[in-house]
Amino acid sequence: METFLQIYNETYKILLLLVPILVSVALIVWFDRRVWGFVQKRKGPNVVGPFGLFQTLADALKYIFKEIIIPASANKIVFILAPIITMTLALSAWAVIPLSDKMVISDINVGILYIFAISSLSVYGIIMGGWASNSKYPFLGAIRSAAQMVSYEVSIGIIIINVLLCVGSLNLKDIVMAQQNLWFVVPLFPMFVVFFISALAETNRPPFDLPEAEAELVAGYQTEYSGMMYAMFWLGEYANILLLCALGSILFLGGWLSPVDIYPLNAIPGIFWMIFKILILFFMFALIKAIVPRYRYDQLMRLGWKIFLPFSLIYVVLTASFLVYFDLLPK
Amino acid sequence: MIAHALFFYFFSIIAIVSAIFVIVSRNTVHAVFFLILDFISIACLFIMIGAEFLGMMMLIVYVGAVAVLFLFVVMLMNVTEQKLSWFRGTKKTGHIPVGLIIGTVILLELIVIVGGWKYRDSFAETEFLSFNSEFTNTHMIGNVMYTDFIHLFQISGIILLLAMIGAIVLTYRKREGVKTQSYIKQISREREDSVQLKDVEFDKGVKLDD
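Line order of the protein sequences matches chains A and B. Residue numbers for the first sequence follow our numbering, so the first one is 1 and each next one is one higher. Residue numbers for the second sequence follow our numbering, so the first one is 1 and each next one is one higher.
You can take every hint at face value.
Facing chain A, a subset of chain B residues (Cβ under 10 Å, in silico):
1. A3
2. I40
3. E52
4. F53
5. M57
6. M58
7. G64
8. A65
9. F72
10. M75
11. T138
12. Q181
FRET-style restraints, in silico, Cβ to Cβ:
13. P269/A x L152/B: 43 to 51 Å
14. I187/B x F189/A: 20 to 28 Å
15. R294/A x Y172/B: 27 to 35 Å
16. V39/A x L69/B: 34 to 42 Å
17. L318/A x A65/B: 20 to 28 Å
18. A65/B x G227/A: 32 to 40 Å
19. Y172/B x Y12/A: 55 to 63 Å
20. I187/B x N266/A: 42 to 50 Å
21. V39/A x S12/B: 51 to 59 Å
22. I307/A x T104/B: 44 to 52 Å
These are computed hints drawn from the structure, not numbers from a lab. Heads up, the beta-carbon is just placed ideally off N, CA and C, and yes, glycines get one too.
Bound conformation, chain B alone (with noise of 0.2 Å):
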């Protein structure tokens, strides 16, 4: 038990950490790291209250996949070292007072939702829902998900494909003067229509038909 608690808080502080570290760090990269440590120990701490699947969904999902193409964005742009000008007064920028909103909008939303689940006795409708303590957590998530909930699923799954039919649509350019290469052309290629064996008479050279 006091082993649990020992990691329980190791993990917290890991996480807690490397969050405050996320915003602090002026090396952008350096913030995507720390990002990324914090999406560990918050996998590690699923882990341990025995949610294996969230917690190894957490690691794949995110950190496998996610904070990849995160990191890869952030080197491409090169904003590596970024000026911290405004908080020493040197330069004004308009990110302050947004960025103020958009914390005090998530800040209440976050009071919202943990006074609902405080002042309310069944949050959603989850009393239907059997627990049996023979099967793991997989089961359990996979026998919920596709069958109860089956319409909320399969709705965030076509909320997903729209986003990313979106972002598709606003970033391609179709782009003039362009070589690609056919694949069906360089894979049917024989040696027949490609390569001509002649023999060459000493001193003469020898003219192509072109």
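Bound conformation, chain A alone (with noise of 0.2 Å):
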């Protein structure tokens, strides 16, 4: 009886955190969208409902009801699991990241960890769909993005290390509460630039959005599919696009904490901070997406492997020798 209570409490937990991230995903289309026009002078999608607000969810309905194509000469078992292991992989990132300093589902000691795992095995949504639609482009678009996500975790490992020697523990919510005096965004300023724009490229978001690139691939990866099954890989590249946010606001910005210990701002609930958090990074995503031309692949390789390697490793080595200089280090 008792583990049958605890199942369901922990079901009921992870419903409460998966619906309101699978809708706000949806709200997250629709501002990407709307700042993508603004910043064009258009007006970006304003007819269904107020604002324009329902526009994703008509979207959702269009995909839905639209036929589900398996082109013939496809891999049929691979092709299908493949959006559906992009889509789990990305909420299933989820179940670790600490909204405030309550609310997390699973508060594991390798978190950081966890959430890089996770996001290294979401390139096989990628791959699997390139490769099971047996076309040209897919595959074109599969083969970038398996190099380019290999290449741009490397950084972002080595970033991380650069937070984690300041915090001397792999539990996210250490991680957020070493951050109580300073923000880690004041002393590592450098590595913030370079995760968030590894975190661009990463997530296939332009200027780095060579797998589907649509002047060279068509789609990319997605070329041969259709209905919900596209929508899916929608789904999850943008929660893919939130967990990079989050996670950013947690290693750089102070996950729920508020911007400065005094009164008025520290009575506000955490989660609050964390998603204002979250949503200025995403605006910054979303206005990149609007300003920025796409890379040259071999651009994009050059600046991921000779410029933000070892700059990066460079900082390893300054903020390594700095605590231990200053006698800093987190015993």
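Now that you have both chains on their own, put them together as the hints suggest.
Given below as structure tokens:
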């Protein structure tokens, strides 16, 4: 009986996290298109519902009622598995994200490694989709994205090492609590910039959206997908973007902590600050989509391996020496 | 406790079955997918015995990096449908004897290792390691690896570096007549160098000096 109660409780908690995330993914897509429109002096989606808020809902309905077409020469099992894997991985990483000091589903010791592992797995959704479609454009997109995501994971890993040196724990709550006096964005500002750009590359956002570059590859790995399966790729992609925004705010912007620890600000519940920071980071993602042209592939690789990797390695050495010299290493 | 055992058998059965399918499946890309599934279930087993750091490292290093490159190579080599002709006895291949020899050697080595483990009291000098339950296993691994075993750790790093350089030396070819782009030139290009504004007379056209 007790086990059932526990299972019930956990399911309840998981639903309470996942449903808002899915809803906010829908809203964030609207927000993204709206910002994109305003930057380019257009209106963006503004017809369905107040301010066009229900546009994504209408799109989702359209996807649901569309026919799912599986190409005759596709590898059917892998073709169907690919969007499922993408979406499952993007949502399962949220299990360890602390939205405030009490709101976390699973408070594990190696939280940051878990997120890193899940985000390195998410490349499989794209590779499987591209390969199983058995067609030129998706395959090229999959190959591109595999190389791109592996390259930028390396620099994200080293940036995380920088933060971990200052924290001394792999637990996400500890990482946030270590920033009570000073957010890591101040001492590690160059790393924050590198993290942000790597996050763009990791989630295949413009200017690094080469796996789905429409001018070259039609729609990259999604070319053969239609209906709900395409929508699942899409949901997974945006859930991943939100996840990296959340990770950025936990690592550098103090998570659920208020900017300064004074009365009216620290009375606001932590989840508000967390959502606010995620939204700010996402706003920057959306702006960059609108204003930056796409990188060429060799430029992308050069940026990852020849600039970000050495730079973040040097910064690891600098941070470590600084901490050792001034005896600030966390015990 | 029962739930623990159930999960253990669940993951181990997946691990063993997918390991078998790695060998059996005809499609090499499917074989790599099964290998990934095997890695993931092994990582789950690691986490279940409380070695969460090792489990996560398994996921990050093997699944997130090594297997991706594996998949990359297999997909690019285009060997998707492997013919199982030797199995049906229609074609002779030289793979089987070599594979059998390697398999036997590995089996013998495993027997030696397991035997050494069973019949010696201390396999490695581990008595001086003090286990403190206050620390997480990430702390413990770091403590041991960077203090007592620092030399072994560094030597393994150097071996990996050598292997990497060796691979690059083996595959690097200097090709003649390849056009490369100079980033310095591209970045330092100014508007004045590349754009000229001219007043064009009607019906005359313009002659550029070059």
